[in-house]
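**Q** Here is how the chains run, residue by residue.
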Amino acid sequence: MPSVAMRPYLAIARISWRSALAYRIPFVLSLCMMVFNLLAMLSLWRVLLASGHPLAGFTWPEMRAYLLVSFVTGCLVSSFTDFTMAFRIQSGLVALDLTQPVHYQRARFAQCLGMTVLESATAAVVCGAALAAFGAIPVPALPQLALFLVSLVAVVPLKFLIVYSSGLLCFWTHNYLGVSFARAAVSAVLSGALVPLVFFPGWLRILAEVLPFQGIASTPALIYLGQASGWDAVRLIGIQLLWIAVLWAGASAAWNAALRRLTIHGG
Amino acid sequence: MYRRSLGAHVRASLEYEADFWILVFGVGLSQCVGLVFIGAVFAKVPHINGWGLWEVVLMYSMMTIGQGCSELFAEGSWDLPMLVNRGELDRMLVRPYPVILQVCSFRLGMNAFGTLAVGTVLLVTALARLHVHWTPARAAIALLVFASALVVKVSLTVIANASAFWLRGTISTFAAGADQLGDLTRYPLTIYGVGLRAFLSTAVPFAFVGFFPAAWVLGHGQSAWVGLLTPLAAAYCVTVAVLAFRFGLRRYDSAGN
Amino acid sequence: MDEPLIRARALTKTFRRPDKGPGLAGSARHLITRKYTEHHAIDGIDLDVAAGEAVAYVGRNGAGKSTTVKLLTGILVPSSGEVRVAGVVPHQDRIANARNIGVVFGQRTQLWWDLPVRETFTLLRDMYRIPPERYRATLARLTEVLDLGPLLPVTGRKLSLGQRMRADLAAALLHEPPIVYLDEPTIGLDIEVKDRVREFLRDLVANGTTVLLTTHDLGDIEDVCRRIVIVDGGRIIHDGPLAAVRDELARERSMHVQPAVPVDLAAIRAALPGTEVSGEPGEFSIRFDRFAYSAGQVAAAVMGLAEIRDFRIDEPGIEDVVRRVYEGGLVESPTGAPA
Chain B
1 MPSVAMRPYL AIARISWRSA LAYRIPFVLS LCMMVFNLLA MLSLWRVLLA
51 SGHPLAGFTW PEMRAYLLVS FVTGCLVSSF TDFTMAFRIQ SGLVALDLTQ
101 PVHYQRARFA QCLGMTVLES ATAAVVCGAA LAAFGAIPVP ALPQLALFLV
151 SLVAVVPLKF LIVYSSGLLC FWTHNYLGVS FARAAVSAVL SGALVPLVFF
201 PGWLRILAEV LPFQGIASTP ALIYLGQASG WDAVRLIGIQ LLWIAVLWAG
251 ASAAWNAALR RLTIHGG
Chain Y
1 MYRRSLGAHV RASLEYEADF WILVFGVGLS QCVGLVFIGA VFAKVPHING
51 WGLWEVVLMY SMMTIGQGCS ELFAEGSWDL PMLVNRGELD RMLVRPYPVI
101 LQVCSFRLGM NAFGTLAVGT VLLVTALARL HVHWTPARAA IALLVFASAL
151 VVKVSLTVIA NASAFWLRGT ISTFAAGADQ LGDLTRYPLT IYGVGLRAFL
201 STAVPFAFVG FFPAAWVLGH GQSAWVGLLT PLAAAYCVTV AVLAFRFGLR
251 RYDSAGN
Chain D
1 MDEPLIRARA LTKTFRRPDK GPGLAGSARH LITRKYTEHH AIDGIDLDVA
51 AGEAVAYVGR NGAGKSTTVK LLTGILVPSS GEVRVAGVVP HQDRIANARN
101 IGVVFGQRTQ LWWDLPVRET FTLLRDMYRI PPERYRATLA RLTEVLDLGP
151 LLPVTGRKLS LGQRMRADLA AALLHEPPIV YLDEPTIGLD IEVKDRVREF
201 LRDLVANGTT VLLTTHDLGD IEDVCRRIVI VDGGRIIHDG PLAAVRDELA
251 RERSMHVQPA VPVDLAAIRA ALPGTEVSGE PGEFSIRFDR FAYSAGQVAA
301 AVMGLAEIRD FRIDEPGIED VVRRVYEGGL VESPTGAPA
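So the sequences go chain by chain: B, Y and D. All residue numbers for the first sequence refer to the working numbering, where the first residue is 1 and numbers rise by one. All residue numbers for the second sequence refer to the working numbering, where the first residue is 1 and numbers rise by one. All residue numbers for the third sequence refer to the working numbering, where the first residue is 1 and numbers rise by one.
Hints should not be assumed to be uniformly reliable.
Listed next, the in silico EDC-like pairs over lysine to aspartate or glutamate satisfying Cα-Cα at most 20 Å (straight line) [to be verified]:
(1) D/Lys-194 - D/Asp-223
(2) D/Lys-158 - Y/Glu-88
(3) D/Lys-158 - D/Asp-190
(4) D/Lys-158 - Y/Asp-90
(5) D/Lys-194 - D/Glu-144
No lab work stands behind these hints: they were computed from the structure.
Could you build the full structure based on these sequences and the hints that come with them?
**A** In structure tokens, the structure reads:
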């Protein structure tokens, strides 16, 4: 019975959502600060595209749309997941997670989904404010919009798996900060969140194409803008799904390997 | 004692050499991100709002060095939410030493060395590419202005983290967000609307870390003279940091046991 | 004979530790040479625990107690050897094993730091898929026994150590596990809370739960456990009924004395034949058999010879138990044979 099997994970998602709500103030404030970052990007591109000449095929309204979509995907699956994981692994609290009758990876995903509810709600509010301040963005036609939504939903598991896999590295290193810096840097550049991938030289673009990161920002943004439509969009979504499958299996294997070499402090 | 505490951290961190290199690598990459952005943008446009590539790199390098100084001198302040939340500040309150310094030296950001290296290389390269007329007086004032700029950055980090006294999270999300706010000033301040410009130059004077000092050195724009006010901004930020700790400690109730 | 509920054979866990020279140079050399020493946290443990048994698993710090518990709970994967708990190999089928067990780590809490205790409990209810009526009944019972009523609306971070332990005990027992592991459950607690926890554990055992209690505080195991297993250096050095150990230890007491002026220890030895006097004339200890002398007699004898500034009587601790085993004071029973 799937509903019985799901019950523990639903409870985990609920409690993660609740525990985020217990600290509404920092949560909302940190989001306010992300808005400032969005503001910087919007301000910069407004100046650069003020003349009306498109840059690398982007007009100002299009760039606005691109930045907003990548802002939304940036809000989803915050660092909460990997940092709590890192903390529990390094402090040995992971021992308690291991005494619970749930799959570790699924439980972390459930935890992340609980947060996503809150993250998407707040992202929506911010987008509304940004639209009011910087002007409307083009809205795609219905079929394209549906494709966009599918790719947006796929961002959540994909980004979770990237974050989770890097969190697993805590079993091999004591310094998670470095890992998370590296992961954030690589994914900022190669996902297209920093700047659309067409701004990059050819070799960097090819690198981005073959790695999973483009699926967490560039893919939904390009589909939204219609720069990838029809079969092209379907192909990009297929790549997202493929990476989800590959990373899920890979992370499970890594987790099993990690358990073999687990040492817990205070043994 | 502050120095000894930091020194102990250097030795402790070197114990885990592999982890040290992972951190250096991670920090190096994350410092490259902004450069990749600047590079990608300037590949398509000659200037941003009248500011050329190397002028922007100069501002960027000042922010980077400031960041490095924060990591070196105030990294421990990132642990303040944890210290407050778990009631571990008690230990520091019974020691005869200012809590603000104990907190700041609680941990050493080993990433500081990576950040400072990248920042310094950028600063030197940018200054070499830009044509600045150096006189002894100008160089002396520039040193004072740059040093004050770094004090501004470190103090702002401490202030942002002092928010932990009022906000009850276990992770410094607010402070991290405030740090991102500073990233706004890696780009010329003139791209922003007047409200945001005023905000970044007065209430939260991140503009005094990179933009104003750089603009003064370059003599670029009508408000280049504002850079000379950097020492004042530094004094203001230090005062706010100390006050934030003083009032924050009054609110502190040691949690749990 | 049925298979025992917990069964370990030649269970071994080896950790690798980087083998570094001192200082910076040593660290740098390690980067290149990568030498490691193998450290046997536990080394060939054979242990059988029958259903309903309450076993004290004691030893000094670092003896391998916690590692054993972590292997039995499926947290760690053994380097070699076999382990089965209620027919399940814990590290292979961790989740099935998790349903059978309750675990309390004295130094770690499973309560959600930021949420009321009640929320942690409802999470566990769903996690262990406890039917609602069962949950209500169990929670009501635990709330009464552990006096949790006032704690339920409080967040984890606001609890004192003793309150936290009570809530943690309830959290581990909500799904009514047939096997309960307690790893140093009274560490850091004050006497009053300790007594309460011990009383609770006695009831738990009386109700037929199988309990493995890890501790270095001998007070924990009295009245709770009938069998004691002593580990040292990763091996079981003694396994037998607790009563024998207790009688043996109950005999021995130590009195530490600080006289106002130094006294001749030989005179004290002469006044108290059969005791062992050690130390300096200015501060010394007298080890005596409680059945041969009362503490009052010992004190009176010393006071007859010198004015006492301060004295203290120590009950035997875990160190003494381990020492007695090595001295042969305890007869080692064949391992794995529950008494």
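**Q** Look at each hint and say if it fits the structure.
**A** Status of the hints after comparison with the structure:
{"no.": "1", "hint": "D/Lys-194 - D/Asp-223", "verdict": "13 Å, holds"}
{"no.": "2", "hint": "D/Lys-158 - Y/Glu-88", "verdict": "13 Å, holds"}
{"no.": "3", "hint": "D/Lys-158 - D/Asp-190", "verdict": "18 Å, holds"}
{"no.": "4", "hint": "D/Lys-158 - Y/Asp-90", "verdict": "15 Å, holds"}
{"no.": "5", "hint": "D/Lys-194 - D/Glu-144", "verdict": "18 Å, holds"}
Checked against the numbered hints above, the structure breaks none of them.
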